[in-house]
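Peer 1: Given the sequences, and given the hints that come with them, work out the whole structure.
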Amino acid sequence: MTSQVLDELLHIERAGWDSLCESTGADFYGELMLPEGVMVLANGMVMDRNTVVSALAESPPWRAYEISGVRLIALDDDNAALVYTGTAYRDGEEPAFVGAMSSVYHRVAGVWKLALYQQTRKPDH
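When we follow the UniProt record's numbering, the leftmost residue of the sequence shown carries the number 1, and every step to the right adds one.
Heads up, a few of these hints could be off.
Claimed, not checked - DMTMM-like mimics (lysine to aspartate or glutamate), calculated; alpha carbons at most 25 Å apart, straight line:
no., residue 1, residue 2
1, K122, D18
2, K122, E66
3, K113, D48
4, K113, E58
5, K113, E22
6, K113, E8
7, K122, E93
8, K113, D77
9, K113, E36
What the hints assert, rightly or not - If you anchor each label on the Cβ, the simulated ranges turn out as follows:
no., residue 1, residue 2, range
10, E8, T120, 32 to 38 Å
11, S23, D78, 16 to 22 Å
12, P35, P123, 30 to 36 Å
13, G44, D77, 21 to 27 Å
14, E36, E93, 34 to 40 Å
15, L34, A100, 20 to 26 Å
Please keep in mind that the hints were generated in silico from the structure rather than gathered at the bench. Predicted model, so just to flag it, every value in this text is computed and none were measured. All C-beta atoms, glycine included, are put in the ideal place defined by N, C-alpha and C.
Peer 2: Right under this line is the structure:
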């Protein structure tokens, strides 16, 4: 189970980052997140799904991203967490955002849904 779940969740994470680069994150995360799902951001904000959708609709796109140091924590057949280092770049002189990120997924009727996303800025970045 672990290898297949890792592949599935990493595919979803990459699709999410792709959507953030293409300015389609509001639609992507509006569909991906559970109705009661939340995102906990590096600035301390805790955002519910509706707030995430509204914020992403107004956010500038990321230019590029990297995912590294991926770990899967499989809780059971329908619940798992993906933990990784995310590095994201915007256009211009703004430095890269580097953070420890975790996404907790719950499978509903065979479809993975995002229950919790959390990011913590890495020191010296």
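Peer 1: Decide, hint by hint, whether the structure agrees.
Peer 2: Quick rundown of the hints versus the structure:
1. K122 to D18: Answer holds: K122 to D18 is near 22 Å, not above 25 Å.
2. K122 to E66: Status holds; Cα separation ~14 Å.
3. K113 to D48: Holds: K113 and D48 sit about 14 Å apart, inside 25 Å.
4. K113 to E58: Within the cut-off at roughly 23 Å; holds.
5. K113 to E22: holds (21 Å)
6. K113 to E8: Between K113 and E8 the Cα gap is close to 12 Å, so the pair holds against 25 Å.
7. K122 to E93: holds (19 Å)
8. K113 to D77: holds (13 Å)
9. K113 to E36: holds (11 Å)
10. E8 to T120: 32 to 38 Å: Given a distance of about 24 Å, which is not inside 32 to 38 Å, the answer is violated.
11. S23 to D78: 16 to 22 Å: 31 Å Cβ-Cβ, so the 16 to 22 Å window is violated.
12. P35 to P123: 30 to 36 Å: Holds, at about 35 Å.
13. G44 to D77: 21 to 27 Å: violated (33 Å)
14. E36 to E93: 34 to 40 Å: Since the Cβ atoms of E36 and E93 sit about 38 Å apart, the hinted range of 34 to 40 Å holds.
15. L34 to A100: 20 to 26 Å: holds (22 Å)
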